[in-house]
Amino acid sequence: MDAVLLLTADSSRRAAAFLLPSLRRHYRDLGALWVVSPRRDGAIVRAEVEGAKTGLRLCFLADEEVVPELILHERLGFPRVGGWYRQQLVKLAIVDRIAGDFYLTLDDDMFAVTDFGDADCIAAGRALRSQDRVGHRTRNLPPDSPENLDGWLTWSAGILHCAPLDYQPDVTPSILACAAVRHLAAWLEAHAQPAARRWLISAIASRLIGARGLRSWRGRLLALLPWTEYTLYDTFLVRHGDFAAYHREPTDTLLLGNAAWQVPQFAGWRPRATDDDGRRLLFNLVASRSGIPIEDVAARLKSVQL
Numbered sequence: 000m001d002a003v004l005l006l007t008a009d010s011s012r013r014a015a016a017f018l019l020p021s022l023r024r025h026y027r028d029l030g031a032l033w034v035v036s037p038r039r040d041g042a043i044v045r046a047e048v049e050g051a052k053t054g055l056r057l058c059f060l061a062d063e064e065v066v067p068e069l070i071l072h073e074r075l076g077f078p079r080v081g082g083w084y085r086q087q088l089v090k091l092a093i094v095d096r097i098a099g100d101f102y103l104t105l106d107d108d109m110f111a112v113t114d115f116g117d118a119d120c121i122a123a124g125r126a127l128r129s130q131d132r133v134g135h136r137t138r139n140l141p142p143d144s145p146e147n148l149d150g151w152l153t154w155s156a157g158i159l160h161c162a163p164l165d166y167q168p169d170v171t172p173s174i175l176a177c178a179a180v181r182h183l184a185a186w187l188e189a190h191a192q193p194a195a196r197r198w199l200i201s202a203i204a205s206r207l208i209g210a211r212g213l214r215s216w217r218g219r220l221l222a223l224l225p226w227t228e229y230t231l232y233d234t235f236l237v238r239h240g241d242f243a244a245y246h247r248e249p250t251d252t253l254l255l256g257n258a259a260w261q262v263p264q265f266a267g268w269r270p271r272a273t274d275d276d277g278r279r280l281l282f283n284l285v286a287s288r289s290g291i292p293i294e295d296v297a298a299r300l301k302s303v304q305l
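No gaps in the numbering here: position 281 of the sequence shown is 280 in numbering that gives the first Met the number 0, and each next residue is one more.
Some hints could be false.
Computed spacing ranges between beta-carbons, pair by pair [unchecked claim]:
| id | residue 1 | residue 2 | range |
| --- | --- | --- | --- |
| 1 | T273 | E294 | 25 to 33 Å |
| 2 | L224 | A162 | 16 to 24 Å |
| 3 | A42 | D251 | 38 to 46 Å |
| 4 | R79 | A42 | 15 to 23 Å |
| 5 | R181 | C161 | 36 to 44 Å |
| 6 | A185 | R299 | 41 to 49 Å |
| 7 | A98 | A122 | 40 to 48 Å |
Hints were generated in silico from the structure; no laboratory data involved.
The C-beta atom is built at its ideal place from N, Cα and C for all residues, glycine as well.
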């Protein structure tokens with residue numbers, strides 16, 4: 000299975016220190032690792048990632064190569080799309096580069112903690128994907144995470160013209176089905192109609208210059224911000240009755256667990272390959288936004304043999 004990793008100049012050092020070596024050590028079936036970054040950060044990201052000397056099959060891209068609509072959007076004078084929103088769109092749009100049926104999305108501040116392969120994540124054509132009920136803090140999200148807000152579910156439901164979900168989808172690491180993402184993209188091109196005046200102007204401009212531009216599904220999603228990639232993906236699958244065709248809920252194996260989101264949590268944190276219920280964990284996380292130094296994380300990881 001291929002994977003996609005979104006990096007900036009600031010986050011690449013952390014990924015090179017923990018995530019990349021852990022993938023080499025533990026993930027035996029990893030295909031291509033698509034490393035996507037802002038164009039201005041490309042040289043730094045490439046140097047850090049290649050400097051880790053992991054032997055992984057690396058493919059480097061600028062986010063504008065994955066989402067070319069970003070270029071037209073800015074050339075037409077519209078506000079620059081922030082990094083977090085760019086990354087969300089890239090996670091969906093990278094599907095055009097993926098050779099297999101599924102792909103794994105990754106962040107710089109997570110790392111694999113046990114040996115695993117594709118068969119641990121995908122069985123009978125269905126990949127692991129959790130459904131955590133709204134009203135309960137999800138096991139993979141920080142207490143103050145905006146992904147816990149019901150409004151995010153409402154935004155995605157509004158784009159898809161349906162009722163919002165009654166659960167919060169898990170976040171990165173996440174496994175997405177290529178066919179499902181393509182089905183979502185086709186639906187958006189056929190049915191999503193942004194009302195933003197700037198999108199209407201850009202659509203006219205793109206026709207005048209002979210380019211399809213922002214009329215694509217990626218362009219439509221740019222004009223329909225805000226939304227989140229996983230709520231959009233899950234809402235689409237559930238409301239079309241297709242979730243079970245591509246995914247199954249985990250029982251004895253979780254993609255992510257044992258996360259340290261804040262400095263106080265890190266004081267007693269140790270990497271673990273199982274959770275309190277005895278379920279196997281494939282990845283742990285020490286949140287980069289916590290400000291915990293890379294050196295402190297490295298020292299803690301060395302204290303436990305996984």
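Hints, verified against the model:
1. At about 27 Å, the CB distance of T273 to E294 agrees with the hint of 25 to 33 Å.
2. Between L224 and A162 the beta carbons are some 21 Å apart, a value that agrees with the proposed interval 16 to 24 Å.
3. Between A42 and D251 the Cβ separation comes to about 43 Å, which falls inside the hinted range of 38 to 46 Å.
4. One distance hint, 15 to 23 Å for the beta-carbon pair R79 and A42, holds here, with the actual separation near 21 Å.
5. For the pair R181 and C161, the supplied restraint of 36 to 44 Å is violated, since their beta-carbon distance comes to about 19 Å.
6. Distance hint check: the CB atoms of A185 and R299 are about 45 Å apart, consistent with the given range 41 to 49 Å.
7. Judged by the Cβ atoms, the range 40 to 48 Å given for A98 and A122 is violated: they are separated by roughly 20 Å.
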